[in-house]
Amino acid sequence: MLKIRNLDAGYGKLRVLKNISLHVDAGEIVTMIGANGAGKTTLLSTIIGLVHPSTGSIEFMNRDCAPLASRHIIAAGCVLVPEGRQVFAPMSVEENLILGGYVLQKKEGKAAVYRELKHQYDLFPVLRERRNQLAGTLSGGEQQMLAMGRALMSRPRLVMMDEPSTGLAPLVVRDIFKVIVRLREEGNTVLLVEQNAKAALSIADRGYVLETGRIIVQGPADDLLANQDVQRAYLGREKIE
Amino acid sequence: MTPELFFQYLFAGITYGIMYAIVAIGFNIIYNTTGIINFAQGEFVMLGGMISISLLQFMPLPLAVVCAVIITMLVGALIEMIFIRWLDNPSVLRLIIITIGLSILMREVALHIWDESIRSLPYFYGNEITTIGIGPVRISPQVLWVIGVCGVVVIGLSLFFKITPLGREMRACSANRTAAILCGINTRNMVTFSFMLSAGIGALAGCVMSPITYTQYDSGTALAIKGFTVAILGGLGNSMGAVAAGLLLGILEAYSVAVVPLAFQDAISIAILLIILFVRPHGLFGSSEAARLTEF
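Heads up: the protein sequence lines correspond to chains A and B, in order. Under my numbering, residue 241 is the last one in the first sequence; the count climbs by one each step, no gaps. Under my numbering, residue 1296 is the last one in the second sequence; the count climbs by one each step, no gaps.
This is chain A alone, in the form it adopts within the complex:
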């Protein structure tokens, strides 16, 4: 579904991503773990077209999307739930969701948006309760759900999530991860970027480890969980033998 080959990208002269290659297949949860500043957010921004790659190719649904503007990539079915939620704070929950359906409305009209809205309310009942509340007044967890619901409103093929667990209580994080698993059950594909490596690897099918702009380890999630280097660096477990 998503294929990235030898990707280099950065800001101005600063090269953040170096020779990145990865792929995401339909129906998978793939996770990208790495420390602060490893380039995880830059990678997602590059895929969604906010940052333009200097070399390399990004193929989504067999279509080269490196030169496309964000809105065309999103219309093709690739969405990003950004870091720090980025909800439209002064607007109501329902307005946020309807804006998420902007692409869907262009393709299939208003009725489709309202059908999808119902679907999101079923997936996130708390959003239905708070539909008329301003998004900025929601709790962190609720805002994360709203950001996810908003992205899902466009009925995407691939959902990319940038650190959905940041700043949330452990119980809330569990809820969020449950939703991600449920998304896969419903046939979605997820690219999950996380610092919370243990939680991310426990639900993912495959994983990549990003360090200072390069992918250093990749493989099935279980293998990564068992990998000693990964354990030492990201899972906070040091075995003394």
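Do not rely on the hints blindly, as some may be mistaken.
[What the hints assert, rightly or not] Listed next, the in silico PhoX-like pairs over lysine-lysine satisfying Cα-Cα at most 25 Å (straight line):
hint : chain 1 : residue 1 : chain 2 : residue 2
1    : A       : Lys178    : A       : Lys198
2    : A       : Lys106    : B       : Lys1162
3    : B       : Lys1162   : A       : Lys107
4    : A       : Lys118    : A       : Lys107
5    : A       : Lys18     : A       : Lys3
6    : A       : Lys110    : B       : Lys1162
7    : A       : Lys118    : A       : Lys106
8    : A       : Lys118    : B       : Lys1162
Honestly, the hints are just simulated from the structure, not real lab data.
Using the hints provided, position chain B relative to the given structure of chain A.
Frame of chain A, contents of chain B only:
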């Protein structure tokens, strides 16, 4: 001061205050979608007045006003597309300097087209000496036009932003630009729309106020300063705040005539602008949090 005079000043103040408010609303629309102050806003007002005056030779007044508004909107869109749209991540300062340049450019073009003479539209109803009595006060019917048009603009705008999809998308763009892009919204189009909208509102204001204030190629500058003062005073981006601040400034100016010579009127609004920038840069009705988040 006699009661009659008191109310007469009050109405004069309200009239001018509302005109300032409409200019300030134009500032706010562009500020909300781009985060910049469009210093060419006053020139849109001047253009609206001038174009309608020229068109009046060929068509009846209402049609001339409508056409002037539409033409100014097109000018606004064109300016945005030529000078701003293609810039890749421009800094706020650069954009502001571009708008200052644009205001000079538009003024010079207007000077070549309409020369230096002072013109005005005829009164929409009656003439210079027609008055309507409200209690002890006698006001020109044009004052009611100004107030009415402002009311329609404010209500129309808030409905537009609340109800229509386009309005919602523009608000989204102003609330969080990145998130708007991530929803698939073409934010550049939103900026073009905001220039069109504020050019149209400016032009409409220019038409209704022309019989009272007259129109000259450089009449936009003074209005822009007043409008800017009002926009800051009311809290940038806050249209209701702009109306309240506009009335406040207009009334202050009107009563100032009783205390200081007429020539000091402009000095008063500039003094208010300076004081507000020093003491409460987020305006009377704006939140300090929002002001801190802005880019300058």
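Outcome of the hint check:
Taking the CA atoms of Lys178/A and Lys198/A, the gap is near 14 Å; set against the 25 Å cutoff, the hint holds. For the given pair, Lys106/A sits about 20 Å from Lys1162/B by alpha-carbon distance, which is consistent with the 25 Å threshold. With a CA separation close to 23 Å, the supplied pair Lys1162/B and Lys107/A stays within the 25 Å bound. Restraint check for Lys118/A and Lys107/A: satisfied, since their Cα atoms lie roughly 18 Å apart, inside the 25 Å limit.
This hinted pair checks out: Lys18/A and Lys3/A have alpha carbons roughly 16 Å apart, not beyond 25 Å. Of the pairs offered as hints, the one joining Lys110/A and Lys1162/B holds, with about 17 Å between alpha carbons and a cut-off of 25 Å not exceeded. Taking the CA atoms of Lys118/A and Lys106/A, the gap is near 18 Å; set against the 25 Å cutoff, the hint holds. Taking the CA atoms of Lys118/A and Lys1162/B, the gap is about 21 Å. The hint holds against a cut of 25 Å.
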